Amino acid sequence: MKKILTYGTYDLLHWGHINILKRAKELGDHLTVAVSTDEFNELKNKKAYHSFENRKMILESIRFVDEVIPENHWEQKVQDVIDNDIDIFVMGDDWKGQFDFLKEHCEVIYLPRTVGISTTQIKKDLLKVNNA
Numbered sequence: 001m002k003k004i005l006t007y008g009t010y011d012l013l014h015w016g017h018i019n020i021l022k023r024a025k026e027l028g029d030h031l032t033v034a035v036s037t038d039e040f041n042e043l044k045n046k047k048a049y050h051s052f053e054n055r056k057m058i059l060e061s062i063r064f065v066d067e068v069i070p071e072n073h074w075e076q077k078v079q080d081v082i083d084n085d086i087d088i089f090v091m092g093d094d095w096k097g098q099f100d101f102l103k104e105h106c107e108v109i110y111l112p113r114t115v116g117i118s119t120t121q122i123k124k125d126l127l128k129v130n131n132a
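Using full-length UniProt numbering, read the sequence shown as starting at 1 and increasing by one per residue.
Hints are computed from structural coordinates only; laboratory data are not their basis.
From a predicted model like this one, the values you see are computed outputs, not experimental measurements.
Among the hints, a few may not be true.
As the list claims (entries may be wrong) - Below, computed lysine-lysine pairings styled on PhoX-like, alpha-carbon distance capped at 20 Å: (1) Lys77 with Lys103; (2) Lys103 with Lys124; (3) Lys123 with Lys46; (4) Lys3 with Lys25; (5) Lys124 with Lys47; (6) Lys103 with Lys47; (7) Lys22 with Lys56; (8) Lys22 with Lys3; (9) Lys96 with Lys44; (10) Lys3 with Lys77; (11) Lys128 with Lys44; (12) Lys123 with Lys47; (13) Lys25 with Lys46; (14) Lys56 with Lys44; (15) Lys25 with Lys77; (16) Lys2 with Lys128; (17) Lys3 with Lys103; (18) Lys46 with Lys124; (19) Lys44 with Lys25; (20) Lys44 with Lys123; (21) Lys77 with Lys44; (22) Lys2 with Lys124; (23) Lys47 with Lys25; (24) Lys46 with Lys56; (25) Lys96 with Lys124.
Claimed, not checked - FRET-style restraints, in silico, Cβ to Cβ: (26) Lys22 with Gln121: 16 to 24 Å; (27) Ser51 with Gly97: 25 to 33 Å; (28) Trp74 with Thr120: 32 to 40 Å; (29) Ile18 with Lys46: 30 to 38 Å; (30) Ile69 with Trp95: 14 to 22 Å; (31) Trp15 with Gln79: 13 to 21 Å.
We put the CB at the ideal spot given by N, CA and C, even for glycine.
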């Protein structure tokens, strides 16, 4: 069985998220998604609209996702790969090169982002609507 791992905040779920999850799952048999906890997002100076528990529940309901685990800190990736017997680590290509250190433990693939959508853009658009 080929196991895949990806990471993210997955706030304000949109078709770009679904696309990367679908493409990641197509690379193997089992997709684990590590979701940033609320505490970790605070350390990254990120504020999610949905709580960790709600983001986790939403991801668990997506047919491409087999398992959801918490992302508590930057340094856990190597241990997650080892503990979960991961064959392929997947991230969006906006992170290209950032996780190459994992190549000694598994294959690393950077998938192209979905053009025309991002959580950042959704938040900007909502602010425009709110301020109009």
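For this session: Return the numbers of the hints above that this structure violates; sort them in rising order.
Result: 2, 6, 11, 13, 16, 19, 22, 23, 25, 28, 29 and 31
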